[in-house]
Amino acid sequence: MDIKTWTWILVGITFTLYIGIAIWTRASSTGDFYVAGKGVHPIANGLATAADWMSAASFISMAGLISFNGYDGSVYLMGWTGGYVLLALLLAPYLRKFGKFTVPDFIGDRYYSNVARVVAVLCALIVSFTYVAGQMRGVGLVFSRFLEVEIDTGVLIGMFIVLFYAVLGGMKGITYTQVAQYCVLIFAFMVPAIFISIQMTGNPIPQLGFGSSGSDGVFLLDKLDGLHRELGFHEYTSGSKSKLDVFFITAALMIGTAGLPHVIVRFFTVKKVSDARKSAGWALLFIAILYTTAPAIAVFARTNMIQTVSNKKYNELPEWFSKWEKTSLITFEDKNEDGRVQYLADPLKNELIIDQDITVLANPEIAHLPNWVIALVAAGGLAAALSTAAGLLLVISSSISHDIIKKIINPNISENGELIAARLSAVVAVIIAGWFGINPPDFVAATVALAFGLAAASFFPAIILGIFYKRMNKEGAITGMVIGILLMLYYMMKFKFDWFGGGSKEDWWLGISPEGFGTVAMLVNFTISIIISSFTPKPPLAVQEIVDNIRLPNDAGDSALH
Amino acid sequence: MNKKLHKKYWKENLKYLAILLSIWFLVSYVFGILLVDQLNSIKIAGFKLGFWFAQQGSIYVFVILIFVYIRLMNRLDKKFNLDK
Numbered sequence: 001m002d003i004k005t006w007t008w009i010l011v012g013i014t015f016t017l018y019i020g021i022a023i024w025t026r027a028s029s030t031g032d033f034y035v036a037g038k039g040v041h042p043i044a045n046g047l048a049t050a051a052d053w054m055s056a057a058s059f060i061s062m063a064g065l066i067s068f069n070g071y072d073g074s075v076y077l078m079g080w081t082g083g084y085v086l087l088a089l090l091l092a093p094y095l096r097k098f099g100k101f102t103v104p105d106f107i108g109d110r111y112y113s114n115v116a117r118v119v120a121v122l123c124a125l126i127v128s129f130t131y132v133a134g135q136m137r138g139v140g141l142v143f144s145r146f147l148e149v150e151i152d153t154g155v156l157i158g159m160f161i162v163l164f165y166a167v168l169g170g171m172k173g174i175t176y177t178q179v180a181q182y183c184v185l186i187f188a189f190m191v192p193a194i195f196i197s198i199q200m201t202g203n204p205i206p207q208l209g210f211g212s213s214g215s216d217g218v219f220l221l222d223k224l225d226g227l228h229r230e231l232g233f234h235e236y237t238s239g240s241k242s243k244l245d246v247f248f249i250t251a252a253l254m255i256g257t258a259g260l261p262h263v264i265v266r267f268f269t270v271k272k273v274s275d276a277r278k279s280a281g282w283a284l285l286f287i288a289i290l291y292t293t294a295p296a297i298a299v300f301a302r303t304n305m306i307q308t309v310s311n312k313k314y315n316e317l318p319e320w321f322s323k324w325e326k327t328s329l330i331t332f333e334d335k336n337e338d339g340r341v342q343y344l345a346d347p348l349k350n351e352l353i354i355d356q357d358i359t360v361l362a363n364p365e366i367a368h369l370p371n372w373v374i375a376l377v378a379a380g381g382l383a384a385a386l387s388t389a390a391g392l393l394l395v396i397s398s399s400i401s402h403d404i405i406k407k408i409i410n411p412n413i414s415e416n417g418e419l420i421a422a423r424l425s426a427v428v429a430v431i432i433a434g435w436f437g438i439n440p441p442d443f444v445a446a447t448v449a450l451a452f453g454l455a456a457a458s459f460f461p462a463i464i465l466g467i468f469y470k471r472m473n474k475e476g477a478i479t480g481m482v483i484g485i486l487l488m489l490y491y492m493m494k495f496k497f498d499w500f501g502g503g504s505k506e507d508w509w510l511g512i513s514p515e516g517f518g519t520v521a522m523l524v525n526f527t528i529s530i531i532i533s534s535f536t537p538k539p540p541l542a543v544q545e546i547v548d549n550i551r552l553p554n555d556a557g558d559s560a561l562h
Numbered sequence: 001m002n003k004k005l006h007k008k009y010w011k012e013n014l015k016y017l018a019i020l021l022s023i024w025f026l027v028s029y030v031f032g033i034l035l036v037d038q039l040n041s042i043k044i045a046g047f048k049l050g051f052w053f054a055q056q057g058s059i060y061v062f063v064i065l066i067f068v069y070i071r072l073m074n075r076l077d078k079k080f081n082l083d084k
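Quick note, the sequences are listed as chains V and R, same order. In terms of our numbering, the first sequence opens at residue 1 and continues consecutively. In terms of our numbering, the second sequence opens at residue 1 and continues consecutively.
Just chain V, with the same shape it has in the complex:
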């Protein structure tokens, strides 16, 4: 069977599975809709968190980013996993003990202020919308590349599927669909990786394979470093970015991960505090399987690619080359007209431009793997994009129906009314996300990475101080959040979109890139919050009791509250 038939079959089976799960796990109350009735098993929640977390970017783009940047790509590996240590140790257990539905819930109650709540809702919406647009686009891209349908049609199909299970099932439906999606995506990621690892090194474990030697007895990484030197690139295993910038980007990604509302809210869905800790552990374990494999794929793909094309005759290249040329993910221009491909670091002599996404998408073809394995990658990419999109849509819809409608506009709304409002907001959110997917604003690609900076600059300090610093009051937290997110938005608009006079790399403050600036904005947020709070009144006694209470894992301190 050809690749396309295989792809239709696998995508068809997985989509039927998702819809089936959605029907089986319909939400019947707001508790079901927002936090899956708080009855999710820690391992199931770990699986769901992993799928929620690993987006189209993790699945499709990350291995490519590492492949093209070598050591510099480590920022994503450490940044997007290290955040879970912060989540598990500093946030998840306490927020679960607090036991409401959303992150703005915590901010609003802990800082006894609807202003704080609204600021938190706005931050959650900014972060989630920048992120979700990229996911819908990812769904469209996978459809168009593997199934040759229009990107827009692909986005519409994706919208329909997400709409179906997010609106019907709420968090409960999303959770169990995400469990299935994790299984699909990890299988789709690992099978090609294992095949290629065996092919290139004889070792079936990719994590060990990329530190072994190939059939010629040379260590793979040494060979790749050698190829890079020959072609004029910087050595694969050492970096070209400044240490300071690598440090700050890693920190921004870690802290941003811990501050992303769609990740935090997953820890509200388990039964008790000890389960929240456990599910953070399981989540990171499941994520680590993909994240430790990605750098191996990066090395295999990079070596394979250079060896297949570098200095080879253009008309003797394998079939996949012309296929991916059609999608313009590969472009070749024979500058010196010798009929051979010169792939070099020097932009004047280089004749080949390769999109980094090809690392995962074309890797199985480059390695001559069977058709069903190639088709699996499409199903995996869709699972990754859909699961993340659904998680984000839930945050958006609960922000509107719970944090704004129920908590601010109409506190007397009935349970049923709120559930209807939640479903309607989910529909609206899907439509807006789909619109962004079909008409992607130029800034989408740039902002997805920056969503982390925004989360780090806004939520993280307010939540941490809310738990670990009893003296923190609303004046400090609100000023901190507002200044943190504005500072981050300013820096990102100035250096990414050329607003406010723009600026180039030389103008970066202390040489810190916009991607790493979230760390600076977060530190500013912390400092301002603490300074302001020391000049303004203490939080009321009842709030101090909330803090005492969330620090204990069981209900021993509860009597003081009620």
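Careful, some of the hints might be misleading.
[Said to hold, decoys possible] Here are the simulated SDA-like cross-link-like pairs (lysine to any residue), alpha carbons at most 25 Å apart as the crow flies:
| hint | chain 1 | residue 1 | chain 2 | residue 2 |
| --- | --- | --- | --- | --- |
| 1 | V | 241 | R | 81 |
| 2 | V | 349 | V | 229 |
| 3 | V | 470 | R | 45 |
| 4 | R | 43 | V | 39 |
| 5 | R | 8 | V | 355 |
| 6 | V | 470 | R | 5 |
| 7 | V | 272 | R | 64 |
| 8 | R | 43 | V | 226 |
| 9 | R | 7 | V | 471 |
| 10 | V | 312 | V | 235 |
| 11 | V | 271 | V | 551 |
| 12 | V | 496 | V | 245 |
| 13 | V | 272 | R | 79 |
| 14 | R | 84 | V | 349 |
| 15 | V | 470 | R | 81 |
| 16 | R | 43 | V | 289 |
| 17 | R | 15 | V | 241 |
| 18 | V | 38 | V | 427 |
| 19 | R | 43 | V | 232 |
| 20 | R | 78 | V | 241 |
| 21 | V | 335 | V | 496 |
| 22 | V | 100 | R | 82 |
| 23 | R | 11 | V | 467 |
| 24 | R | 3 | R | 81 |
| 25 | V | 538 | R | 64 |
| 26 | V | 38 | R | 81 |
| 27 | V | 241 | V | 507 |
| 28 | V | 349 | V | 370 |
| 29 | R | 84 | V | 549 |
| 30 | R | 84 | V | 41 |
| 31 | V | 97 | R | 43 |
Hint data in this document are derived by calculation from the structure and do not stem from the laboratory.
Starting from the known structure of chain V, fit chain R onto it as the hints suggest.
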């Protein structure tokens, strides 16, 4: 009495956090970034050690850290009778 006990529980918790987060910082920011060049002169199989910490080792340590934290906290909860 109860309050005192809870304070003690919280102090113990903070101590665990300080130790675990120091290790978290050490394997990623120190081994993987600040000292990466020095560690790269050590080689284990095909891996330069600094590079390995940045792309593999730190992630394994992160996973272990969380599971150690889970064990420590479960024990602590039991000790202070907060595990019911």
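Q.
Name the hints, by number, that the structure is in violation of.
A. Numbers 1, 3, 4, 5, 14, 17, 20, 21, 25, 28, 31, in rising order.
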